[in-house]
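Undergrad: Taken in sequence, the protein lines are chains A and B. If you use this note's numbering, the first sequence corresponds to residues 21 to 260, in order. If you use this note's numbering, the second sequence corresponds to residues 11 to 93, in order.
The set of hints was computed from the structure by calculation and includes no laboratory data. Errors might be hidden in some of the hints.
[Claimed, not checked] A few chain A residues facing chain B, derived, Cβ under 7 Å:
no.: 1; residue: Ala102
no.: 2; residue: Pro152
no.: 3; residue: Ile249
Cβ coordinates follow ideal geometry from the N, Cα and C atoms, glycine included.
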Amino acid sequence: MRQLPAFLLVVAIAYVLALALSEAPAFGRVDAPARNEVMRFYLDEECEQSGIPNTVTAIIFDYRGYDTMGEATVLFTAVGAAAAVLAGHSGTLVARPMAASDDVILRMVSRMVIPFVQIFGIYVIVYGHVSPGGGFAGGTILGGSMALYLFVFGPKRTVKKLPLAWGEIADGAAAFWYVLVGLGGILLGANFLANAAAGVPLGVRGQLFSGGTIWLIGLGVGVKVAATIINLLVHLAGET
Amino acid sequence: MIGWFGVGSLVFLLTCAIIVARTRDLLAATIVFAAYSLVMAMTWQQLRAPDVAITEAALGAGVTTLLFLLAIARTRRTEDESA
Numbered sequence: 021m022r023q024l025p026a027f028l029l030v031v032a033i034a035y036v037l038a039l040a041l042s043e044a045p046a047f048g049r050v051d052a053p054a055r056n057e058v059m060r061f062y063l064d065e066e067c068e069q070s071g072i073p074n075t076v077t078a079i080i081f082d083y084r085g086y087d088t089m090g091e092a093t094v095l096f097t098a099v100g101a102a103a104a105v106l107a108g109h110s111g112t113l114v115a116r117p118m119a120a121s122d123d124v125i126l127r128m129v130s131r132m133v134i135p136f137v138q139i140f141g142i143y144v145i146v147y148g149h150v151s152p153g154g155g156f157a158g159g160t161i162l163g164g165s166m167a168l169y170l171f172v173f174g175p176k177r178t179v180k181k182l183p184l185a186w187g188e189i190a191d192g193a194a195a196f197w198y199v200l201v202g203l204g205g206i207l208l209g210a211n212f213l214a215n216a217a218a219g220v221p222l223g224v225r226g227q228l229f230s231g232g233t234i235w236l237i238g239l240g241v242g243v244k245v246a247a248t249i250i251n252l253l254v255h256l257a258g259e260t
Numbered sequence: 011m012i013g014w015f016g017v018g019s020l021v022f023l024l025t026c027a028i029i030v031a032r033t034r035d036l037l038a039a040t041i042v043f044a045a046y047s048l049v050m051a052m053t054w055q056q057l058r059a060p061d062v063a064i065t066e067a068a069l070g071a072g073v074t075t076l077l078f079l080l081a082i083a084r085t086r087r088t089e090d091e092s093a
């Protein structure tokens with residue numbers, strides 16, 4: 021009986037939500053509110069202005085490049101916080117540092133799979149402006165492959181392969197690289213992070229080296245995300 | 011608009027979400043959450059958002075699961091079972 025008011029409240033909220041949802045325009049309708057002049061501008065002008073077929077990547081790394089730089093800084097802060105809390109305190113956590121797995125199947129399969137996953141991650145990063153993907157998605161795949169290595173072979177061997185200092189240098193260097201590319205726009209006489217407006221050659225649309233600074237920024241973001249993920253997981257796994 | 015595959019995916023997603031919220035075993039909840047992310051990635055792809063689908067598959071099904079697993083492995087549970 022005590023739960024009756026809560027139940028009635030949930031039913032009332034569900035009713036209101038269902039009512040609102042029934043008024044929502046159907047998926048892909050021409051007169052949907054999301055289909056406004058902003059969307060039309062991006063879909064019509066984007067290919068001319070930034071010279072790449074993937075509109076999503078163009079918005080993330082070109083039109084909204086400044087926002088993406090802020091997001092990269094968020095990753096930086098996350099790793100900094102994890103390092104501040106966990107580094108040098110592996111003994112204070114309740115459980116012991118993670119040990120390596122002794123499962124033969126797991127070791128052999130991951131040894132065979134990891135190179136292909138890494139190639140796919142690099143592909144998604146460098147072709148992010150031509151096909152679906154981009155720096156964030158590809159960097160996550162690349163970081164995920166290293167996380168698989170960490171889980172199977174343990175933090176000791178992971179740190180031997182990729183010392184924590186290297187990961188931190190890659191993390192910081194990628195963030196610095198983003199700012200450097202942005203400053204290039206100022207050097208060329210336009211705004212911070214300017215691409216075509218600063219006279220950066222856009223190349224042939226659809227080719228690997230096209231889209232001006234978008235390719236360079238995507239590369240930096242990919243390295244940064246991969247380094248962030250592996251640094252975070254190594255700190256969490258202990259042995260640092 | 012949404013075919014039988016889409017309806018099946020959405021029912022699976024709802025079931026997974028309820029299981030994740032209701033189960034008391036943290037490891038099982040993490041695994042079900044990974045399955046949720048994988049089907050969610052397929053749903054994004056069905057909605058013609060391949061960029062989001064790739065990120066969901068790599069981040070939701072991959073890295074988030076690993077983060078949860080590490081957190082479970084390195085902490086001990088002092089949960090009150092009577093609650």
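Undergrad: Any hints from earlier that this structure breaks? Give me their numbers in increasing order, please.
TA: 1
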